[in-house]
Amino acid sequence: MDIVKKLTNEFSRQDFTNSREDLDAGELDKYKRIASGYATIENAIAVLSDMHANTSYIYYGDFSDVLGLGKMTDKEDRIGSIWEEEILKLVSPDDLHNKYLHELRFFHFVKHLPKGRRHHYYLANKLRMKDSAGNYHAVLHRLFYVPEPNGNSLWLALCLYTPLTVDLPNGSVVVNSVTGETEELEVKNDLKILSDRERQVLRLIDKGLMSKNIAERLSISINTVSRHRQEILSKLQVKNSIEACRIAKDLGLI
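Letter by letter, the sequence shown follows residues 1 to 254 in UniProt numbering.
Everything labelled a hint here was simulated from the structure, so no lab data went into it.
Worth double-checking, as some hints may not be accurate.
To be verified - 25 Å max Cα-Cα, derived SDA-like pairs, lysine to any residue: (1) 115 to 180; (2) 239 to 195; (3) 249 to 169; (4) 115 to 173; (5) 30 to 124; (6) 111 to 199; (7) 111 to 83; (8) 32 to 117; (9) 130 to 169; (10) 32 to 149; (11) 235 to 114; (12) 249 to 88; (13) 75 to 158; (14) 5 to 252; (15) 89 to 132; (16) 235 to 55; (17) 5 to 198; (18) 235 to 32; (19) 249 to 196; (20) 130 to 83; (21) 89 to 128; (22) 5 to 111; (23) 130 to 167; (24) 32 to 249.
Said to hold, decoys possible - Computed Cβ-Cβ distance ranges for the label pairs, DEER-style: (25) 29 to 133: 32 to 40 Å; (26) 239 to 88: 17 to 25 Å; (27) 242 to 163: 39 to 47 Å; (28) 112 to 212: 29 to 37 Å; (29) 213 to 234: 20 to 28 Å; (30) 77 to 249: 34 to 42 Å; (31) 224 to 5: 21 to 29 Å; (32) 89 to 219: 43 to 51 Å; (33) 130 to 40: 19 to 27 Å; (34) 210 to 78: 45 to 53 Å; (35) 239 to 53: 23 to 31 Å; (36) 37 to 222: 50 to 58 Å; (37) 73 to 112: 20 to 28 Å.
Since this is a predicted model, take the numbers as computed values, not measurements.
The C-beta atom is built at its ideal place from N, Cα and C for all residues, glycine as well.
The whole structure should be built from the sequences, with the hints applied where relevant.
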């Protein structure tokens with residue numbers, strides 16, 4: 001799935017150089033205890049993903065029994081990926097695709113916040129997840145990002161899966177945990193990913209225009225078009241223009 005590659009690349013391309021020494025075991029253990037606490041207190045499935053080390057730590061509360069995962073609730077499950085595949089495969093395919101899109105939007109939403117306010121927000125999604133008997137359950141998925149101690153990158157992602165007790169009419173919402181205010185991540189948030197000119201260039205690429213034709217249409221040089229092309233591929237973290245157009249359409253950018 002292209003959107004998964006996009007998310008993975010967005011996470012991995014972050015620059016952790018300035019705070020590499022601060023990402024120590026003690027700091028990580030603090031958040032592992034928090035994740036374990038959610039699993040214990042809320043009976044949640046808690047997934048703490050270290051985007052610097054490409055590793056996840058999973059803690060299974062009793063809700064995991066409802067989904068038929070059959071995991072030991074007092075054990076930590078460590079996997080070499082930031083994607084909890086065994087859990088994600090239970091999510092309805094349509095919901096899973098939307099989950100990834102919302103997470104990409106939320107990632108950019110948080111990245112544009114002042115560093116001191118990034119921990120104020122979390123993303124809440126409504127998912128349908130299948131148990132071992134094939135029955136779907138309404139599930140609340142919450143996503144929190146933890147900034148690195150120094151620098152400008154997002155270090156950890158905490159995902160919580162619990163039964164859905166209050167409906168989310170639009171399926172997804174961003175919550176300010178300090179004020180209780182909520183807002184939806186709409187297309188206007190996606191527009192921050194690419195500049196107006198980059199979206200203009202990408203729309204022309206999607207129509208099949210070559211760089212020379214785009215330059216003539218926009219009254220800019222071919223070198224400028226080439227620079228915009230490289231910026232688009234970099235920001236969307238894709239290898240070619242076809243993939244860029246596909247991701248941009250998913251996000252409503254073009």
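Hint-by-hint comparison with the structure:
no.: 1; hint: 115 to 180; result: holds, 19 Å
no.: 2; hint: 239 to 195; result: holds, 19 Å
no.: 3; hint: 249 to 169; result: holds, 24 Å
no.: 4; hint: 115 to 173; result: holds, 21 Å
no.: 5; hint: 30 to 124; result: holds, 23 Å
no.: 6; hint: 111 to 199; result: holds, 20 Å
no.: 7; hint: 111 to 83; result: holds, 20 Å
no.: 8; hint: 32 to 117; result: holds, 22 Å
no.: 9; hint: 130 to 169; result: holds, 20 Å
no.: 10; hint: 32 to 149; result: holds, 16 Å
no.: 11; hint: 235 to 114; result: holds, 20 Å
no.: 12; hint: 249 to 88; result: holds, 24 Å
no.: 13; hint: 75 to 158; result: holds, 17 Å
no.: 14; hint: 5 to 252; result: holds, 18 Å
no.: 15; hint: 89 to 132; result: holds, 12 Å
no.: 16; hint: 235 to 55; result: holds, 24 Å
no.: 17; hint: 5 to 198; result: holds, 21 Å
no.: 18; hint: 235 to 32; result: violated, 31 Å
no.: 19; hint: 249 to 196; result: holds, 15 Å
no.: 20; hint: 130 to 83; result: holds, 18 Å
no.: 21; hint: 89 to 128; result: holds, 11 Å
no.: 22; hint: 5 to 111; result: holds, 19 Å
no.: 23; hint: 130 to 167; result: holds, 18 Å
no.: 24; hint: 32 to 249; result: violated, 37 Å
no.: 25; hint: 29 to 133: 32 to 40 Å; result: holds, 37 Å
no.: 26; hint: 239 to 88: 17 to 25 Å; result: holds, 24 Å
no.: 27; hint: 242 to 163: 39 to 47 Å; result: holds, 40 Å
no.: 28; hint: 112 to 212: 29 to 37 Å; result: holds, 34 Å
no.: 29; hint: 213 to 234: 20 to 28 Å; result: holds, 23 Å
no.: 30; hint: 77 to 249: 34 to 42 Å; result: holds, 36 Å
no.: 31; hint: 224 to 5: 21 to 29 Å; result: holds, 28 Å
no.: 32; hint: 89 to 219: 43 to 51 Å; result: holds, 50 Å
no.: 33; hint: 130 to 40: 19 to 27 Å; result: holds, 25 Å
no.: 34; hint: 210 to 78: 45 to 53 Å; result: holds, 49 Å
no.: 35; hint: 239 to 53: 23 to 31 Å; result: holds, 25 Å
no.: 36; hint: 37 to 222: 50 to 58 Å; result: holds, 57 Å
no.: 37; hint: 73 to 112: 20 to 28 Å; result: violated, 38 Å
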